[in-house]
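Please construct the entire structure, taking both the sequences and the accompanying hints into account.
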Amino acid sequence: MGVFDIGGSAKKVGRRIKELERLYGIREGRPEKLPNNSVVTQSDLASQLGISVDTLQNYKMLSDMIPELEE
407 MGVFDIGGSA KKVGRRIKEL ERLYGIREGR PEKLPNNSVV TQSDLASQLG ISVDTLQNYK
467 MLSDMIPELE E
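For the sequence shown, the numbering used here gives the first residue as 407, with consecutive numbering after it.
Incorrect hints may appear among the rest.
[Claimed, not checked] When the alpha-carbon atoms are kept at most 25 Å apart in a straight line, the in silico DSS-like pairs for lysine-lysine are as follows:
hint, residue 1, residue 2
1, LYS418, LYS466
2, LYS424, LYS466
3, LYS417, LYS466
These are computed hints drawn from the structure, not numbers from a lab.
Rendered as structure tokens:
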């Protein structure tokens, strides 16, 4: 297990990941085009959570699901 406990529904986990990305200043784009102060990456966050980057991105997608499709 990583540094953080990511328990809960997949949708809630996705929301938590998005909030962590906002707090850490993780932005989309190629690293060379991002500001130098953006030192934390999705890969870093995923390793802290004890999950892969693909799983992290899947959780983020699930957080945007339409409520009717959750079931």
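Would you check the hint for LYS418 and LYS466, treating anything up to 25 Å between C-alpha atoms as holding?
With a Cα-Cα distance of about 9 Å, the restraint between LYS418 and LYS466 holds, given a limit of 25 Å.
Does the alpha-carbon distance linking LYS424 and LYS466 stay inside the 25 Å limit?
7 Å, holds
Sort out whether LYS466 lies within 25 Å of LYS417, counting only the CA atoms.
Satisfied, since the Cα-Cα distance of roughly 8 Å is no more than 25 Å.
Of the numbered hints given earlier, the model fails none.
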